[in-house]
Amino acid sequence: MVRLSIGDRPDVILYTADRYIREEASQLSGLVWMSTALLGLSMLIALLGIVNTLALSVLERTREVGLLRAIGMRRRKVRAMVRIESVLIAVVGGVLGIGVGAMIGAMFQHAVLGQPIRETALPWPSIGGLLLAMAVAGVLAAEWPAHNAARTDVLTAIGTP
Numbered sequence: 006m007v008r009l010s011i012g013d014r015p016d017v018i019l020y021t022a023d024r025y026i027r028e029e030a031s032q033l034s035g036l037v038w039m040s041t042a043l044l045g046l047s048m049l050i051a052l053l054g055i056v057n058t059l060a061l062s063v064l065e066r067t068r069e070v071g072l073l074r075a076i077g078m079r080r081r082k083v084r085a086m087v088r089i090e091s092v093l094i095a096v097v098g099g100v101l102g103i104g105v106g107a108m109i110g111a112m113f114q115h116a117v118l119g120q121p122i123r124e125t126a127l128p129w130p131s132i133g134g135l136l137l138a139m140a141v142a143g144v145l146a147a148e149w150p151a152h153n154a155a156r157t158d159v160l161t162a163i164g165t166p
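Numbering (the numbering used here), first residue to last: 6 to 166.
Among the clues, some could well be false.
What the hints assert, rightly or not - Simulated restraints on C-beta separations:
{"hint": "1", "residue 1": "140", "residue 2": "80", "range": "19 to 25 Å"}
{"hint": "2", "residue 1": "46", "residue 2": "137", "range": "18 to 24 Å"}
{"hint": "3", "residue 1": "53", "residue 2": "89", "range": "17 to 23 Å"}
{"hint": "4", "residue 1": "35", "residue 2": "114", "range": "39 to 45 Å"}
{"hint": "5", "residue 1": "124", "residue 2": "78", "range": "49 to 55 Å"}
{"hint": "6", "residue 1": "152", "residue 2": "125", "range": "17 to 23 Å"}
{"hint": "7", "residue 1": "166", "residue 2": "101", "range": "34 to 40 Å"}
{"hint": "8", "residue 1": "140", "residue 2": "41", "range": "16 to 22 Å"}
{"hint": "9", "residue 1": "85", "residue 2": "160", "range": "20 to 26 Å"}
{"hint": "10", "residue 1": "118", "residue 2": "149", "range": "46 to 52 Å"}
{"hint": "11", "residue 1": "161", "residue 2": "41", "range": "30 to 36 Å"}
Simulated from the structure, these hints should not be mistaken for lab results. Don't be surprised by glycine CBs; every beta carbon is placed ideally from N, CA and C.
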């Protein structure tokens, strides 16, 4: 970096090409980290939403769970049923979110470049990792509602209106 003092303009800075690229990349890196933090926060909010949805689902399906348990379903299977529902909710939400995000990214690319989009590059390993993380998060979010569903007393559940 070379500082030039040109008359009244001491704020003019002359960069080499490599230095300019590093400066711009560092600013973009901060934006990527901020976006990643917001993604983590949105996943936390989504997990709370999944827990809430499953808890209400288990509460509303008390009679169904009681009948399933009365005809021989084990507690482990009830927990598995709730976990699978949670994983489906998380993964379908993730696939829809990734699809919408890719479309919005393509629209921004089109708007910035002002030309048709001929090719896109999606980070498939990252997308696969995020989908796997969403599935694991779905399993973790289902633990409390699944535990409550499995602990439901059969006779009380059947008698629930």
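Against the structure, the hints:
| no. | hint | in the structure |
| --- | --- | --- |
| 1 | 140 x 80: 19 to 25 Å | holds (23 Å) |
| 2 | 46 x 137: 18 to 24 Å | holds (20 Å) |
| 3 | 53 x 89: 17 to 23 Å | holds (20 Å) |
| 4 | 35 x 114: 39 to 45 Å | violated (21 Å) |
| 5 | 124 x 78: 49 to 55 Å | holds (51 Å) |
| 6 | 152 x 125: 17 to 23 Å | violated (43 Å) |
| 7 | 166 x 101: 34 to 40 Å | holds (36 Å) |
| 8 | 140 x 41: 16 to 22 Å | holds (19 Å) |
| 9 | 85 x 160: 20 to 26 Å | holds (23 Å) |
| 10 | 118 x 149: 46 to 52 Å | holds (47 Å) |
| 11 | 161 x 41: 30 to 36 Å | violated (46 Å) |
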